[in-house]
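One-letter residues, chain by chain:
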Amino acid sequence: DAGVIQSPRHEVTEMGQEVTLRCKPISGHDYLFWYRQTMMRGLELLIYFNNNVPIDDSGMPEDRFSAKMPNASFSTLKIQPSEPRDSAVYFCASNRGSSYNEQFFGPGTRLTVL
Amino acid sequence: AQSVTQLDSHVSVSEGTPVLLRCNYSSSYSPSLFWYVQHPNKGLQLLLKYTSAATLVKGINGFEAEFKKSETSFHLTKPSAHMSDAAEYFCVVSPQGGGYNKLIFGAGTRLAVHP
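Protein chains in written order, with this note's numbering: chain A, 277 to 390; chain B, 2 to 116.
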């Protein structure tokens with residue numbers, strides 16, 4: 277099993293540009309989570325999906341952020357336009373059967389917005 | 002309201018000595034509790050979890066944690082630290098019931114292990 281796959285691993289962009297982060301969950305997992313990690317705020321849940329449907333997006337900071345899951349094996353998190361305060365490490369995680377169960381995390385995408 | 006408090010932001014131990022990382026939780030429902038570890042520039046890896054079975058939970062790499070409901074604690078311990086244990090550790094609560102489906106992460110404890 278390859279685990280949760282995220283791309284790119286590092287992204288450097290300029291303020292105002294669109295950024296798209298990608299995630300492939302573990303095969304057979306029906307829950308997918310997007311998190312953001314910063315020094316100031318720690319780990320924050322942004323949004324999670326169940327069977328490709330967004331269940332709770334209350335953690336999405338503002339309208340500049342959007343997430344989609346077009347199928348069971350792919351999800352994107354988009355920031356448009358990006359701002360320097362969006363600089364963080366973004367993690368994708370997945371699990372099976374229940375959001376209470378262990379979540380398997382990807383290696384993260386380190387985003388730097390200049 | 003559900004919350005997790007990790008009582009130490011940094012812990013430093015010598016190799017071969019015991020490790021204690023402290024965690025207190027607050028939950029309106031019977032919780033599931035987890036400890037995750039994050040090595041530098043890596044994702045989070047599950048160390049162990051408590052889900053209302055045995056109160057003493059054994060995890061990977063020699064770590065264990067004890068669920069104490071009366072103290073609302075879930076401290077992580079290891080008898081003998083290894084250099085490879087240096088990492089950041091997160092205590093996590095998942096309140097069961099009430100339709101609340103989020104994991105709540107503590108602020109993290111950075112463990113340093115000295116030779």
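Please keep in mind that the hints were generated in silico from the structure rather than gathered at the bench. Heads up, the beta-carbon is just placed ideally off N, CA and C, and yes, glycines get one too. Hints are not guaranteed to be accurate.
Cβ pair distances, simulated, as ranges [as the list claims (entries may be wrong)]:
no.	chain 1	residue 1	chain 2	residue 2	range
1	B	E16	A	E294	44 to 52 Å
2	B	A55	A	M291	14 to 22 Å
3	A	Q356	B	S29	36 to 44 Å
Selected chain A positions facing chain B (Cβ under 8 Å, derived; list incomplete) [stated by the list, open to error]:
no.	residue
4	T289
5	G292
6	L319
7	P357
8	P383
Going down the list of hints, with the structure as the test:
Taken as a hint, the range 44 to 52 Å holds for the pair E16/B and E294/A, whose Cβ atoms sit roughly 47 Å apart. Here the CB-CB span from A55/B to M291/A is close to 51 Å, at odds with the stated 14 to 22 Å. Between Q356/A and S29/B the beta carbon distance is about 38 Å. The supplied range of 36 to 44 Å therefore holds. Given hint, T289/A at the interface with chain B, is violated; its Cβ is 20 Å from that chain's nearest Cβ, farther than 8 Å.
Taking 8 Å as the C-beta contact cut-off toward chain B, the hint placing G292/A at the interface is violated, the least distance being around 27 Å. With a least beta-carbon distance of about 4 Å to chain B, the hint placing L319/A at the interface is held under the 8 Å criterion. Against a cut-off of 8 Å between C-beta atoms, the interface hint on P357/A is violated, since the closest Cβ of chain B lies about 27 Å away. Below 8 Å, beta-carbon pairs count as interface contacts, and P383/A has one with chain B at about 5 Å; its hint therefore holds.
Checked against the numbered hints above, the structure breaks hints 2, 4, 5 and 7 and satisfies the rest.
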